[in-house]
Amino acid sequence: MLYRRLFDFPTRGFRSPLRELDHLRRQIEQWDDALSGRTFTMPAAGVFPLTNVTEDNHNYYVRAELPGIKSDELDIQVTAKGISISGERKIPLEGDNVKYHRREREAGKFSRSINLPDDIDTDKVDAKLESGILTMIIPKAEKSKPRQITVK
Amino acid sequence: MTDSEAKEIQVKPKQEVTSPAEQTQPGVVFTPGVDIFETERELTLLADLPGVTAENLTIDLRENTLTLTGEVAPFETANEQDILIEYEIGKYYRQFSLSNVIDQSKIDAKLVDGVLRLTLPKVEEAKPRKIEVRT
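From first to last, the protein sequence lines are chains A and B.
When the first sequence is numbered by my numbering, its final residue is 153 and no position is left out of the sequence of numbers.
When the second sequence is numbered by my numbering, its final residue is 178 and no position is left out of the sequence of numbers.
Rather than coming from a laboratory, the hints here were simulated on the basis of the structure.
Warning: the hint list may mix true and false statements.
[Claimed, not checked] Derived pair list, reagent style DSS-like, types lysine-lysine, alpha-carbon separation capped at 30 Å:
| hint | chain 1 | residue 1 | chain 2 | residue 2 |
| --- | --- | --- | --- | --- |
| 1 | B | K134 | B | K153 |
| 2 | A | K71 | A | K125 |
| 3 | A | K129 | A | K141 |
| 4 | A | K71 | B | K149 |
| 5 | A | K129 | B | K55 |
| 6 | A | K91 | B | K153 |
| 7 | A | K129 | A | K110 |
| 8 | A | K100 | B | K173 |
[Claimed, not checked] Sample of chain A residues at the chain B side, in silico, Cβ under 7 Å:
| hint | residue |
| --- | --- |
| 9 | G47 |
| 10 | V48 |
| 11 | V54 |
| 12 | D57 |
| 13 | P68 |
| 14 | G69 |
| 15 | D73 |
| 16 | V99 |
| 17 | H102 |
| 18 | G109 |
| 19 | K110 |
| 20 | S114 |
| 21 | D124 |
| 22 | S132 |
| 23 | G133 |
We put the CB at the ideal spot given by N, CA and C, even for glycine.
Excised from the complex, chain A in its bound form (with noise of 0.2 Å):
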């Protein structure tokens, strides 16, 4: 969709109309689906994890639901624009004499890049995976920091 390729990273300034605009997209298309019989939709990038972003005025913080994966299991690269998350979960065969009866869970390779709007700091990265939740605290670059100016 054109639309999503030219408005999928919102730049500064622009970032809360927008996010309105996604926002109701986002209803619009349960709506449709809903009515065309569809059970789910598809979320702006189509790539697993699905990811939530999120800054102050300090860092970016990157954050996903990967339950069920080690810490040592994931690979973060980092540049000095965006970050990549890649990896593979891994469900273990439960025996061969099981019988089952739901099969929800996947599991299965994944690699995902996410570019952030600004310049960051790469030496300081922090990441932690607790409780299924991967959360990445990416701090700014000082050029892409806010400053206050104070009128005189």
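Dock chain B against chain A, hints included.
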């Protein structure tokens, strides 16, 4: 190992509960993905509950109805602004009706890395018995 070696995980958005039971608190409620399998002796349930800690998880088994409720504490701090939001945070809720008779005293639940493993042993009488045919 499973046949997962070559396969890539497909993204699967969290499924919202369509008709949640009476809600007392506002917020979204999701259905966790589960695997359920049984052997002759027990029934095992695996559920993906990212963000749920042991103290926020309630497992209730009452007359053959198993209810899982997992609360997720919001982890964002107040002054964070959203840039890209692909998933929402909410609690997890799912109910199952079990056909087997479960030995309530031997239920075992483990929650590791956001995955619950619930082992429900069947009571002795429910275990299948081989019937010898005499000639």
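Status of each hint after checking the structure:
At roughly 19 Å between alpha-carbon atoms, K134/B and K153/B fall within 30 Å of each other, so this suggested pair holds. With a C-alpha separation of about 22 Å, the suggested pairing of K71/A with K125/A holds against the 30 Å cut-off. With a C-alpha separation of about 18 Å, the suggested pairing of K129/A with K141/A holds against the 30 Å cut-off. Of the pairs offered as hints, the one joining K71/A and K149/B holds, with about 28 Å between alpha carbons and a cut-off of 30 Å not exceeded.
A hinted pair counts as satisfied when its Cα atoms are at most 30 Å apart, and K129/A with K55/B qualifies at roughly 23 Å. Proximity of K91/A to K153/B is assessed by CA-CA distance (about 18 Å); at most 30 Å being required, the pair is judged to hold. Among the hinted pairs, K129/A with K110/A is consistent with the structure: their alpha-carbon atoms are about 20 Å apart, no more than 30 Å. Straight-line distance between C-alpha atoms of K100/A and K173/B comes to about 18 Å, which keeps the hinted pair within the 30 Å bound.
The restraint placing G47/A at the interface with chain B holds, with a minimum CB-CB distance near 6 Å, inside the 7 Å limit. Restraint check, V48/A versus chain B: the minimum CB separation of about 6 Å is within 7 Å; hint holds. Annotation: interface hint on V54/A holds; nearest CB of chain B at approximately 4 Å, less than 7 Å. For D57/A, the interface hint holds, the least distance from its beta-carbon to any beta-carbon of chain B being 5 Å, beneath 7 Å.
Against a cut-off of 7 Å between C-beta atoms, the interface hint on P68/A holds, since the closest Cβ of chain B lies about 4 Å away. About 4 Å separates the beta-carbon of G69/A from the nearest beta-carbon of chain B, less than 7 Å, and the hint is met. For D73/A, the shortest C-beta to C-beta distance to chain B is roughly 12 Å, which exceeds 7 Å, and the interface hint is violated. Taken as an interface hint, V99/A checks out: its beta carbon lies about 4 Å from the nearest beta carbon of chain B, inside 7 Å.
Here the hint on H102/A is kept, as its CB sits about 4 Å from the closest CB of chain B, short of 7 Å. A least Cβ separation of about 4 Å between G109/A and chain B falls short of the 7 Å threshold, and the interface hint therefore holds. A least Cβ separation of about 5 Å between K110/A and chain B falls short of the 7 Å threshold, and the interface hint therefore holds. A distance limit of 7 Å between C-beta atoms decides the matter here; for S114/A the minimum to chain B is near 13 Å, and the interface restraint is violated.
For the restraint placing D124/A at the interface with chain B, the shortest Cβ-Cβ distance is roughly 22 Å, beyond the 7 Å limit, so the hint is violated. Checking S132/A against chain B: minimum C-beta separation of about 5 Å stays under 7 Å; hint holds. Because the smallest distance between the Cβ of G133/A and any Cβ of chain B comes to about 2 Å, under 7 Å, the interface hint for this residue holds.
Hints 15, 20 and 21 from the list above are not met by this structure, while the remaining hints are.
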